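Undergrad: So you can see what is in the structure, the chains are spelled out below.
Number of protein chains: 2
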Amino acid sequence: MQRITETDHVSLGQQLEFLLELEKLKSIFRRSYILDTDRWENDAEHSWQLAVMAIILSEHANEEIQPSHVMKMVLLHDIVEIDAGDTFCYDEKGHTDKADRELRAAKRIFGILPPEQQKECFQLWQEFERGETREAKFANALDRLMPLMLNYYSQGKSWKKHGIRKQQVIDRNKHIAKGSTILWDFASTLIDKAVEKGYLAA
Amino acid sequence: MQRITETDHVSLGQQLEFLLELEKLKSIFRRSYILDTDRWENDAEHSWQLAVMAIILSEHANEEIQPSHVMKMVLLHDIVEIDAGDTFCYDEKGHTDKADRELRAAKRIFGILPPEQQKECFQLWQEFERGETREAKFANALDRLMPLMLNYYSQGKSWKKHGIRKQQVIDRNKHIAKGSTILWDFASTLIDKAVEKGYLAA
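Going down the list, the sequences are from chains V and Z.
Here the first sequence is numbered in the working numbering, starting from 3 and rising by one per residue.
Here the second sequence is numbered in the working numbering, starting from 3 and rising by one per residue.
It is possible that some hints are incorrect.
All copies of an identical chain are treated as equivalent in the list; a pair is satisfied when it fits inside any one copy or across any two copies.
[Unchecked claim] Below are the DSBU-like pairs computed for lysine-lysine, each with C-alpha atoms no more than 30 Å apart in a straight line: (1) 26 / 163; (2) 199 / 26; (3) 121 / 159; (4) 159 / 109; (5) 26 / 168; (6) 26 / 159; (7) 26 / 195; (8) 95 / 109.
I should point out that these hints are in silico values taken from the structure, not numbers from a laboratory.
Computed from a predicted model, the values in this text were never measured in an experiment.
This is chain V alone, in the form it adopts within the complex:
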């Protein structure tokens, strides 16, 4: 459904339509709780937090990176969940067709934009997904680190609720080291302490 009918400027109309479509990201909920609350975090808030992390933590990347490129990737990385939904990171079944669902979503949603921007945004999304460039490795590290922190500083509430064990958390998060060994050292400490404190099953 086209909502923007108040301008004759074609590309502006497409851009504003895309921005209104993205409004839905505020209603896609993840499995991390907001600290000190009983509310789940949504994708829009999560994306904001990663972008701020990109500003603040970029000196800790293994390789020299362009923080603004990381920012763009993380701001857009979850947009596909508007159609594909949030797949819980420990849901193995949900992951079997995740790539297909998300690719279809990326084509539809970025397809709302003018042609040049479609291409640029689609490439940013794909770069994040592939996780091969310096910036993508670091962006993926941020995307793993923050949920781990939220879980730890909320006393493992989501880990306990879903019966998650230490090895699953390590397997899920060890890729942080590809983007930043310093951040992975910190994450490892959190995982060990989480077990010690009873937030996470051994």
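With chain V held as given, fit chain Z onto it using these hints.
TA: Just chain Z, lined up with the frame of chain V:
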């Protein structure tokens, strides 16, 4: 209260402490409704949306701008509301001491960061508040445009609830033109149509 005790890396500890403090922005609610819902938008979601707008709409700025600089400003611009709260844009009384409250908040919150980053982030915040540079004018335009759009496309729900009139909306939003005459043209059309459709009192 210091939460981060799991690293000996001093500046990393300060940076993560700052990032956890910012978690509170997810619980600062604004007076705009999320489209098609009865839920108020929070500052974290709002900041994400403005940053995406900075990526998508920068070609419409009156002057040539660095989109990444706009992104940084909008990602951080509302952080002061953690202490100072959201001041409704049509609340004249609330605006009398807004600047003081926000300055104190900026000093405390950015003060959590390592010295160099304190300075950088404080300057970004101040640049946004002053609204004098090219990027700040455009960032301020985005910050006005999106609430107007959310209000219009939710049939003026927040305007009606607060008894807002057309002239107030014009006075509040005409500064959009300083950052982008194209976006102000669009905004003016929305305001006129809002009155026609009965979303906004004449």
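Undergrad: So, against the hints stated earlier in the document, which numbers end up violated here?
TA: 3, 4
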